[in-house]
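Visitor: What follows is each chain in one-letter form.
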Amino acid sequence: MKYLVIVPAYNESQVIFRTLTNLKQTLKKSPKFDIVVVDDGSTDSTYKEAKKAKVTVLQHKLNRGLGGALSTGLEYAKRNHYNLAITFDADGQHDPKDIIRAIRPIEKNQADVVIGTRTRGKGHMPIDRSILNWSSNIFTWVLFGVWTTDSQSGFRAFSKNALQLIQIKTQQMEVSSEFFAEIKRNNLRLIEVPIKVIYTKYSRAKGQTNMNALNVFVKLLLRLAR
Amino acid sequence: MSIFLPIQILLLVFLLFAFTRVVLRYKDGTIPLGMFLFWIGIWALATLSIIRPDFTTYLARKAGIGRGADAVIYGALIVAFYLIFRITVIIENLRQDITRVVREVALKQVKKKK
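Chains A and B supply the protein sequences, listed in that same order. Using the numbering used here, the letters of the first sequence map in sequence onto residues 202 to 427. Using the numbering used here, the letters of the second sequence map in sequence onto residues 219 to 332.
Treat the hints with care, as some may be off.
Unchecked claim - 20 Å max Cα-Cα, derived DMTMM-like pairs, lysine to aspartate or glutamate:
(1) K326/B x E276/A
(2) K262/A x D315/B
(3) K309/A x D329/A
(4) K370/A x E322/B
What the hints assert, rightly or not - Rough simulated footprint, nothing fancy, chain A against chain B, three-plus residues with beta-carbon under 8 Å:
(5) 226-235
(6) 241-247
Since the hints were derived computationally from the structure, they do not count as laboratory data. Here a beta-carbon is modelled for each residue, glycine too, at the ideal position from N, C-alpha and C.
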């Protein structure tokens, strides 16, 4: 059995090394984990910093957005026959210790996809993020018919079966909702696991800003209308 | 004295230009036959409407719209919105194609290094 942790990164040179060393430190007891960073055309030294952590780094020559980066990571997992893949944010908002707990439902064959939900775990989600997240949850439910308490979570785990079936088309932040469309389309079993969230000034400045939420909604609508 | 009003002459010159663009783009392979015929049809209708303004009034009456000019505006709006939609879809498809190329390059590079 071999597992892959996918870390999409765009201009994360300040934190990527620390995130990766934390990940390695936590997972070192379990040799089945590999880590791959997808550097999404960063203009800073993200690639160099990630390389310093001695993990595999896939480099996008052009910035393609979060969806593009995640698809590259998932494709890498598929081509290299991983049994399980986890997506993990590069900005340090996730706790690597949650990984072992989150993959358990897949290991026990109770789920094909696990979403790490930030609304039920430890840590406090700022109120504006919370409102944005709940609006996205309702939108995801209306559009794709899947209810989740954290549609925008970057912490996900996929079984081998899910890796084969899920096909991501959107390329930016809207990918988080698209995963749910794919879960529904392929009748995959979904389980939510509470995870800890560490909101820092840095992680709040990155990720989904309140301003581009509307843009994400429009793109999802366009995807449906095509 | 010319049989056409100055505005008609101006519009006809523009249409001549539009026709040449369609033909040139078809000849250099930028647009497929379907799109060539579609645009030729659009510009032909526009030419007919300019040379014979009563033609639009005739069409408008048939469609139940009061004035010819209104019919032209309704039609033009529908076509414009449809085209904007098509262009958005095409751009989105192109972006997906670019992502696929970028992905393949990234995956191949790591394979080589291994």
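Visitor: List in ascending order the numbers of the hints, as given earlier, that are violated by the structure.
Guide: The structure breaks hints 3, 5 and 6; every other hint is satisfied.
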